[in-house]
Amino acid sequence: MSKDDDRSPPLDLRGADIAESSSKTRNCVTGSGHVTGMNPMEFQAPYPDQVLENVLENVLQFLTSRRDRNAASLVCKSWCRVEALTRSELFIGNCYSVSPKRATARFSRVRAVAIKGRPRFADFNLMPPEWGAHFKPWVAALGSAYPWLEKVYLKRMSVTDEDLKHLAEYFPSFKELVLVCCDGFGTRGLAVIAKKCRQLRVLDLIESEVADSDMDWIGEFPESGITCLESLIFDCVESPINFEALERLVVRSPSLKKLRLNRFVSIGQLYRLMVRAPQLTHLGTGSFSLAEGVAHGDQEPDYESAFAACKSLVCLSGFREIATDYLSAIYAVCANLTSLNLSYANINAEQLKTVIFHCHKLQTFWVLDTICDEGLQAAAATCKDLRELRVFPIDAREDSEGPVSEVGLQAISEGCRKLQSILYFCQHMTNAAVIAMSNNCPDLEVFRLCIMGRHRPDHLTGQPMDEGFGAIVKNCKKLTRLAVSGLLTDQAFSYIGRYGKLVRTLSVAFAGNSDRGLKYVLEGCPRLQKLEIRDSPFGDEALRSGLHHYYNMRFLWMSSCSLSPQGCREIARALPRLVVEVIKDEAEVNRGECEEHIDDAFDILYMYRSLEGPRDDAPHFVQEHSKQKQGIGLSNIVLLIIYPSMKRWRFGLEELEVQNGEFTKFSSMPPVEKQELAFTREKKKNLVCLF
Amino acid sequence: MEKSLVFEKDLNLEATELRLGLPGTKESEKQTPSTIKSNKRVLPDMSEECGSKDNSIVSHVKKCDQEVAPPAKAQVVGWPPVRSYRKNCFQAKKMEAETTGMYVKVSMDGAPYLRKIDLKVYKGYPELLKALEDMFKFSVGKYSEREGYNGSEFVPTYEDKDGDWMLVGDVPWDMFISSCKRMRIMKGSEARGLGCAV
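As given, the protein sequences belong to chains X and Z, one line each in that order.
Note that numbering that gives the first Met the number 0 has the first sequence beginning at 0, numbered continuously upward.
Note that numbering that gives the first Met the number 0 has the second sequence beginning at 0, numbered continuously upward.
Extracted from the complex, chain X is given alone in its bound form:
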């Protein structure tokens, strides 16, 4: 998260020494340069240090990583200010952690914005719709603050057609729009973007829900002249498009590198596009089958040569309604592919083998479990450079047949030693295979195993899956993301807490025995940022054990666990800067299924740090347990007062209490030498610096 705290950065206590030794640094002086009573011989009269700031600006502009920038901004006020001036990409990990007003006030020269909204479990219908994450307040604020804005990236946000209209209107230089897992808009909104954004280079709609407003949005792109379009991704749009307009658009877009079609584009139409755009690097093939009413064998175009002509193709996806007869058309490009997504293609092992056999350079492979363990063995034999594998289930139910199992996982671990990321859905798994993967693939950063049957043990030994996941956290030293499943006891969490020191994201479902499980994790994983838990027996005591850490996290989600409303309130009281949302699934209550209607019963706890306190757009089913907004929200403030004097700085501490919005003095400490200052943890928390 880019914004940690609104309070002034902590005083650089060493600044006093530096100031004494040389008059060059001005780190101790505020921007206003106001320090009275100084002996001119000891210190030069302070002036806004324009030279230093200019130098800083020129250096800091090269910092691109937001984590580096966050660190730089904490050095001192001067650095904070300059960093804010030079930050051109603004990343908001949780749209409710900071208000648009505050964000735009701090960063004045932003050209690209990325905002994330809903938590991930909302994708699986666990969050009631209408929960929030609206883009609307952001678009208004961005519009007035950054008229030069070029890029917007949104993930899990609700965006309306109206918002898209404003985007197009407010930003004449708008170049890139990427919407991932968003909803709330339709083809009407897309039409406005297409029509008005003359500089548009990227329009990427990824796994978003796009309402069909019966609008020919492709037709709204300017009809004449060359476009600057580089990327057009719309494979998730579930409505037909005007193909002729698309064809004309592709012809007029010589810079087009990425094109991902939706399932309403037939293979015949794909051919026509491919011959007009052989420069493509990323292609989503649409349905990859014949249009309705077209017969097989009627004067078919030469698909093979169309693919062969695309010499730069490295990423292939689509195959939404694949007619497997045509699969051979892609053989020519396989040797160059680094990414292949067959996860919508219902193909068997034999059919996969014909393709994968050619894919020596493959690094990313998404596929359906219909290829069975045999298909995975074939992939393992050929794709020695594989970094990311995702195996999705064709039948996502608990009791369906499992075409892939530990056999496939073992094969992959043996063949693909460079594996960094895996997502694997299966019905049956063994500890042995998971342990094997932990040993064979030391570069693993992301390990997500979903054994679809809840509470399912190792199907060969009958043991819980504790040892398997334990081996993963122990042996994969680079692991940052973990999703667990199957029968798991508290022991598994003990391993995670003990070894998972780099874990940032943890996903837990139907696991653990008691509070201890969650405690192990909260006490053991210092880097934990995102924790999502469902249907596990963790209660209030476990929740309490994370108090020291919640401010360092982006969010905590717990649904259908053993929490009580009092437990949640306790957390809220202890951590004023945490927004604690408690959500009831009304639909369930209305169905009258709760035998005893427990008034306070709830389904979801969702809490996150925020500078703004409870949000004002919360729907009625969300209860906020956060402290009321009361100015700063602190009950005790500790003032650090610096007394400039003859030869050195002296420091005083005054402790004030806030009562009914007014300050009353609590205690004070006479000025002391720096070394004698005792900063207790408690005092540091409430520290406000005064110069």
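Just to be clear, a hint being listed does not mean it is correct.
To be verified - Listing some non-contacts, in silico: residues in chain Z with all C-beta distances to chain X over 10 Å: (1) Ser106; (2) Gly109; (3) Tyr124; (4) Trp164; (5) Cys179.
Said to hold, decoys possible - Below, simulated BS3-like cross-link-like pairs (lysine-lysine); rule was C-alpha separation at most 27 Å, straight line: (6) X/Lys352 <-> Z/Lys86; (7) X/Lys529 <-> Z/Lys86; (8) Z/Lys115 <-> Z/Lys180; (9) X/Lys164 <-> X/Lys194; (10) Z/Lys136 <-> Z/Lys86; (11) Z/Lys129 <-> Z/Lys86; (12) X/Lys360 <-> X/Lys529; (13) X/Lys500 <-> X/Lys417; (14) Z/Lys129 <-> Z/Lys180; (15) Z/Lys115 <-> Z/Lys86; (16) X/Lys352 <-> Z/Lys122; (17) X/Lys583 <-> Z/Lys86.
None of these hints come from the bench; they were simulated from the model.
Since the model is a prediction, treat every value here as computed from it, not as a measurement.
Virtual Cβ for every residue (Gly too), placed ideally from N, Cα, C.
Here the structure of chain X is known, so what remains is to put chain Z in place on it, guided by the hints.
Chain Z only, in chain X's frame:
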């Protein structure tokens, strides 16, 4: 150290467990304590399958269990964690394949009444032709691409989406079942035009 109670039933401890209660009474299946509220939300798909408008979904699930073979557990909301878009993609196709049959009328020259068959039931032409032979008590002869059906008075034909009468067997099976509207087993002189060697 606590032991997980959940997999006890695999060790069949139930049989020797001491319990308070009358002998012969069965305790309901142990579930994790967190399931007071979970397991109640059932996928709306289940209720749609059963086609009833009853609000109480819990009893619904029980009905479905009896009608549909075997889902042992009610589906839980959001599990497995696959996005609905993906689930719907394949579920729609599967349902289509499983529930809606592909019934076409079959007439035979000289037969007093027509029959109806479900094309989805057959995996290919050999099965279909065999079924027709059994149904109408005739023999279809040998198929060759060049000459059609040899050695028989009877020729199986079908009407496709365009309204044309075609010889059964010429196009790939998948295309056949998607384009076939009805079938007619021709006999005698009419059949000769289609390469009958009689």
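Hints, one by one, checked against the model:
Chain X leaves Z/Ser106 outside its interface by the beta-carbon criterion, the shortest separation being 24 Å against a cut-off of 10 Å. With a least beta-carbon separation of about 31 Å from chain X, Z/Gly109 lies farther than 10 Å from that chain, consistent with its non-interface assignment. Look at Z/Tyr124: its CB is around 15 Å from the nearest CB on chain X, clear of 10 Å, so calling it non-interface holds up. Its beta-carbon lying about 15 Å from the closest one in chain X, Z/Trp164 satisfies the requirement of being farther than 10 Å from that chain.
Even its closest Cβ contact with chain X, about 13 Å, leaves Z/Cys179 beyond 10 Å, as expected for a residue assigned away from the interface. A C-alpha spacing of about 25 Å is found between X/Lys352 and Z/Lys86, which places the hinted pair at or below 27 Å, so the restraint holds. Proximity of X/Lys529 to Z/Lys86 is assessed by CA-CA distance (about 25 Å); at most 27 Å being required, the pair is judged to hold. A hinted pair counts as satisfied when its Cα atoms are at most 27 Å apart, and Z/Lys115 with Z/Lys180 qualifies at roughly 11 Å.
For the hint linking X/Lys164 to X/Lys194, the alpha-carbon distance of about 10 Å falls within 27 Å, and the restraint holds. Of the supplied pair hints, the one linking Z/Lys136 and Z/Lys86 is violated, its CA atoms being roughly 44 Å apart against a limit of 27 Å. For the proposed pair Z/Lys129 and Z/Lys86, the alpha carbon gap of about 37 Å is over 27 Å, so the pair is violated. For the given pair, X/Lys360 sits about 33 Å from X/Lys529 by alpha-carbon distance, which is inconsistent with the 27 Å threshold.
Of the pairs offered as hints, the one joining X/Lys500 and X/Lys417 holds, with about 21 Å between alpha carbons and a cut-off of 27 Å not exceeded. Distance restraint check for Z/Lys129 and Z/Lys180: the Cα-Cα separation of roughly 20 Å lies within the 27 Å cut-off, and the hinted pair is therefore satisfied. For the hint pairing Z/Lys115 with Z/Lys86, the CA-to-CA distance comes to about 33 Å; that exceeds 27 Å, so the pair is violated. A threshold of 27 Å between alpha carbons decides the hint, and for X/Lys352 with Z/Lys122 the separation of about 23 Å falls inside it, so the pair holds.
Simply put, X/Lys583 and Z/Lys86 have alpha-carbon atoms about 25 Å apart, close enough for the 27 Å limit, and the pair holds.
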